[in-house]
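A.B. asks: Spelled out, the chains give:
2 protein chains.
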Amino acid sequence: MREFNIGIIGLGNIGLEVYKNIKKNSSDIKKKTGFKLNILKVSAKNLRKKRGIKIPNKLLEKNYLEIIKNPKINIVVELIGGADGIAKKVVFDSIKNKKHVVTANKALIAKHGDQLSILAEKNGVNLLFEAAVGGGIPIIRSIKQGLIANKLHHIYGILNGTTNYILTEMEKRNLNFKDVLKDAQKLGYAEANPTADVDGHDAAAKISILSSIGFGTKIINNGFLVEGIRKIEIEDIKFAKDLGYKIKLLAISERLGKYIKQRVHPCLIPINLDVANIDNVTNAIVVDGNPIGRTIYEGPGAGKGPTSSAVISDITSIMLGNDEFSFGLSPSAKKNVHLFNFNNHISKYYIRFLTKDVPGVLSTITSNLAKNKISVANLIQEPSNNGNANVMLITHFSKESNIQRVLKNLNKQKKLFKKIVMIRVRDLKKL
Amino acid sequence: MREFNIGIIGLGNIGLEVYKNIKKNSSDIKKKTGFKLNILKVSAKNLRKKRGIKIPNKLLEKNYLEIIKNPKINIVVELIGGADGIAKKVVFDSIKNKKHVVTANKALIAKHGDQLSILAEKNGVNLLFEAAVGGGIPIIRSIKQGLIANKLHHIYGILNGTTNYILTEMEKRNLNFKDVLKDAQKLGYAEANPTADVDGHDAAAKISILSSIGFGTKIINNGFLVEGIRKIEIEDIKFAKDLGYKIKLLAISERLGKYIKQRVHPCLIPINLDVANIDNVTNAIVVDGNPIGRTIYEGPGAGKGPTSSAVISDITSIMLGNDEFSFGLSPSAKKNVHLFNFNNHISKYYIRFLTKDVPGVLSTITSNLAKNKISVANLIQEPSNNGNANVMLITHFSKESNIQRVLKNLNKQKKLFKKIVMIRVRDLKKL
Numbered sequence: 000m001r002e003f004n005i006g007i008i009g010l011g012n013i014g015l016e017v018y019k020n021i022k023k024n025s026s027d028i029k030k031k032t033g034f035k036l037n038i039l040k041v042s043a044k045n046l047r048k049k050r051g052i053k054i055p056n057k058l059l060e061k062n063y064l065e066i067i068k069n070p071k072i073n074i075v076v077e078l079i080g081g082a083d084g085i086a087k088k089v090v091f092d093s094i095k096n097k098k099h100v101v102t103a104n105k106a107l108i109a110k111h112g113d114q115l116s117i118l119a120e121k122n123g124v125n126l127l128f129e130a131a132v133g134g135g136i137p138i139i140r141s142i143k144q145g146l147i148a149n150k151l152h153h154i155y156g157i158l159n160g161t162t163n164y165i166l167t168e169m170e171k172r173n174l175n176f177k178d179v180l181k182d183a184q185k186l187g188y189a190e191a192n193p194t195a196d197v198d199g200h201d202a203a204a205k206i207s208i209l210s211s212i213g214f215g216t217k218i219i220n221n222g223f224l225v226e227g228i229r230k231i232e233i234e235d236i237k238f239a240k241d242l243g244y245k246i247k248l249l250a251i252s253e254r255l256g257k258y259i260k261q262r263v264h265p266c267l268i269p270i271n272l273d274v275a276n277i278d279n280v281t282n283a284i285v286v287d288g289n290p291i292g293r294t295i296y297e298g299p300g301a302g303k304g305p306t307s308s309a310v311i312s313d314i315t316s317i318m319l320g321n322d323e324f325s326f327g328l329s330p331s332a333k334k335n336v337h338l339f340n341f342n343n344h345i346s347k348y349y350i351r352f353l354t355k356d357v358p359g360v361l362s363t364i365t366s367n368l369a370k371n372k373i374s375v376a377n378l379i380q381e382p383s384n385n386g387n388a389n390v391m392l393i394t395h396f397s398k399e400s401n402i403q404r405v406l407k408n409l410n411k412q413k414k415l416f417k418k419i420v421m422i423r424v425r426d427l428k429k430l
Numbered sequence: 000m001r002e003f004n005i006g007i008i009g010l011g012n013i014g015l016e017v018y019k020n021i022k023k024n025s026s027d028i029k030k031k032t033g034f035k036l037n038i039l040k041v042s043a044k045n046l047r048k049k050r051g052i053k054i055p056n057k058l059l060e061k062n063y064l065e066i067i068k069n070p071k072i073n074i075v076v077e078l079i080g081g082a083d084g085i086a087k088k089v090v091f092d093s094i095k096n097k098k099h100v101v102t103a104n105k106a107l108i109a110k111h112g113d114q115l116s117i118l119a120e121k122n123g124v125n126l127l128f129e130a131a132v133g134g135g136i137p138i139i140r141s142i143k144q145g146l147i148a149n150k151l152h153h154i155y156g157i158l159n160g161t162t163n164y165i166l167t168e169m170e171k172r173n174l175n176f177k178d179v180l181k182d183a184q185k186l187g188y189a190e191a192n193p194t195a196d197v198d199g200h201d202a203a204a205k206i207s208i209l210s211s212i213g214f215g216t217k218i219i220n221n222g223f224l225v226e227g228i229r230k231i232e233i234e235d236i237k238f239a240k241d242l243g244y245k246i247k248l249l250a251i252s253e254r255l256g257k258y259i260k261q262r263v264h265p266c267l268i269p270i271n272l273d274v275a276n277i278d279n280v281t282n283a284i285v286v287d288g289n290p291i292g293r294t295i296y297e298g299p300g301a302g303k304g305p306t307s308s309a310v311i312s313d314i315t316s317i318m319l320g321n322d323e324f325s326f327g328l329s330p331s332a333k334k335n336v337h338l339f340n341f342n343n344h345i346s347k348y349y350i351r352f353l354t355k356d357v358p359g360v361l362s363t364i365t366s367n368l369a370k371n372k373i374s375v376a377n378l379i380q381e382p383s384n385n386g387n388a389n390v391m392l393i394t395h396f397s398k399e400s401n402i403q404r405v406l407k408n409l410n411k412q413k414k415l416f417k418k419i420v421m422i423r424v425r426d427l428k429k430l
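So the protein sequences, as listed, match chains R and E.
Be aware that the first sequence starts at 0, since it is given in numbering that gives the first Met the number 0, and climbs by one per residue.
Be aware that the second sequence starts at 0, since it is given in numbering that gives the first Met the number 0, and climbs by one per residue.
Chain R with its partners taken away, still in its complex shape (with noise of 0.2 angstroms):
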């Protein structure tokens, strides 16, 4: 009898689902794997929590170092997340006494993949994640396997089902961020520290993980522009939708001859661009190469179905023995990264100015924009409450550094000017 043996580390929604899902298809699996599969052990911190499904006794685990020695068990499952802590021991441990380890922990990933590749190279086993990108999406697989033959150069997309849900309850609603970002809180969508969704942390560890599979190179967990959608208010999702573009939080990586140029944060796209209708929390993944072309990867981006889905994909894909590399190649061979300076970005770019509405702010701003080679396609001034008002334009192609000498100066002019926010605009003709 061929069979698998597994431990999971960690019991919350996740954890508990694919426990379930394993439980429910353990017949499926094995038709489909050739193989059985059992959960050998199942670990978290507090094993007395009522979960409402009865766990046999001799499958609790509390000290869940047993798991990871255990000689019987071939794959750890981890789900308790985080970048370091308890995550980490567990990754790092379970891959040293060569057991094969699934996780669907991004921010772990994105942070230490580079060694834990290297590492699980060493000790002959398997470290998989397809769930800590685009939840139940299998974009890694595709990626790493059903595109193998491309040259990739391109991958962007919507990575975080909270910010969407978010910029697409306040069109919706007509609400600002504040309100919706309570709401998402209440319906469980957003967590009470909203920060890895909001500011763009989130999206930022999911795109290092894709560029890195993509491209072929070592991870860049640190140095590039991660904006989050804080900062938006319902006027520019209006003024967007005026103009024909939607507001989306997207994660982009790019490779530019030896440069990767990859960033995260919001951008006015075209209502007609592929992504521009990807609504709530659904998430999608936009890929280019050479000789496919685009495809388009699209579905729930997170929640405890999808994730589990992903999850057990990966325990399969080990018991079949068909996944040798973390980030599709060895990790020897992934090549050093060289950043593109964002400086030199080349984009269109939304302002809004909610100005005091004092004689000269006009002229402050048109002459600030001159002075720095920065001209205006659009521009719409409206009145704003209390006696503001709000000055929004789009320009024509600039440069990043350019745009940012100009709000470094007027945002110091605090008599002029309440609040600036700067989106990015997505071109078509010229991404």
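There could be a bad hint or two in this list.
Identical copies go unnamed one by one, so any copy, or any two together, can satisfy a pair.
[Claimed, not checked] Dumping the calculated DSS-like pairs for lysine-lysine here, alpha-carbon to alpha-carbon at most 25 angstroms:
| id | residue 1 | residue 2 |
| --- | --- | --- |
| 1 | Lys121 | Lys88 |
| 2 | Lys88 | Lys23 |
| 3 | Lys44 | Lys303 |
| 4 | Lys150 | Lys19 |
| 5 | Lys35 | Lys150 |
| 6 | Lys240 | Lys71 |
| 7 | Lys30 | Lys260 |
Keep in mind that the hints were calculated from the coordinates and are not lab data.
Using the hints provided, position chain E relative to the given structure of chain R.
C.D. replies: Just chain E, lined up with the frame of chain R:
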């Protein structure tokens, strides 16, 4: 040195592109798989044909039977096409000779796939065909591996690029089917004999394959509804648009208890449905399952680049030993099929009557509908050329058998009706 030797049989557009891309990416393939990939032999009907590329003489093999028998060759790549004839002989005999087989041949797999997968299992080799469905989109791999933990219940999409191109151009350029078809043939998007594409057979073979993989059932390759797009005219597209629909040729398979409801036919789909904006030659496949929910896969559905990408991904899958079962599970575990009786299909129906403008037409239509318990939701009559008129209507939910009875009755009345076009309507609430 670990290495694999392949023989390519068929050097058309696709075969040549596979050859070129393997040559071009050989060092990448080695890095990603750990194996060297050698093209040992290629064979084509006419080896002397100018192909714009120098293939070394020692690789050229006049008699494809020599490739099938060559003891050094591990994998045979069949790129001839056609459900029977030489392609069939190549694939059957290669497997009998214990060669792995990669093919892009949807007609062959749809017709002989069950038998072939049994033969492959018996001979301990792989038979893979990612390129047979959705061009470069890794849809087969995603369903077999990425969604392995799910119970699927619904697979549908746009699986034929040619017909999608024709429908897109008809709408964009306000032209009729025949005119766009001529252009498409000139541009190479449609074949001289367009039957396989425009009559739905190509999409039918593809949904047969996906349905079998997705639901774990034997292949349904006959006895299901297959309708093409020949009958659709610009009037239908315009009327649909006015009511908020687009017309698309969909291939659909659903699991309803023990029944499979599989079919290919044009549909009026709401403009906010996920595949409504998939235009030109792009394909898109929607997959619903539990626990994952809905995922969507989109990309170029044909062409030498995308197809070669899929063919090479299958070759590397074999090299990595990662894909034991052609249809995702042991052929002996495939369930028998109970095909849903399509007479019991419930849908809204669009019907256009091109009528002679004589008294009694409307009354004949409406009385026939009433007699068959079909009620009308929208109706519009417009004058057409030569003193004719178009009566276009959309029914409320009705039963297929009742609709067919009406169409049969009215089609007999040649004095009143010059043409009757029926297209099923896909409703978001009841697909």
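A.B. asks: From the Cα coordinates, with 25 angstroms as the cut-off, is the pair Lys35 and Lys150 best called within, between, both, or neither?
C.D. replies: Classified as between; 18 angstroms across copies, 37 angstroms inside a copy.
A.B. asks: Quick one: Lys88 to Lys23, C-alpha cut-off 25 angstroms, is that within a copy, between copies, both, or neither?
C.D. replies: So Lys88 and Lys23 fail the 25 angstroms test inside a copy (30 angstroms) and across (42 angstroms) alike.
A.B. asks: Checking Lys121 and Lys88: alpha-carbon separation at most 25 angstroms within a copy, between copies, both or neither?
C.D. replies: within (18 angstroms within a copy, 45 angstroms between copies)
A.B. asks: Is it within a copy, between copies, both, or neither that the alpha carbon of Lys240 lies no farther than 25 angstroms from that of Lys71?
C.D. replies: neither (58 angstroms within a copy, 62 angstroms between copies)
A.B. asks: For Lys30 and Lys260, with the copy left unspecified, which applies at a CA distance of at most 25 angstroms: within, between, both, or neither?
C.D. replies: between (44 angstroms within a copy, 24 angstroms between copies)
A.B. asks: Have a look at Lys150 and Lys19 and pick one of within, between, both or neither, based on CA distance no larger than 25 angstroms.
C.D. replies: between (39 angstroms within a copy, 14 angstroms between copies)
A.B. asks: When Cα atoms must be at most 25 angstroms apart, do Lys44 and Lys303 count as within-copy, between-copy, both, or neither?
C.D. replies: For Lys44 and Lys303, only the intra-copy Cα distance (19 angstroms) is at most 25 angstroms; the inter-copy one is 54 angstroms.
Checked against the numbered hints above, the structure violates hints 2, 6; every other hint is satisfied.
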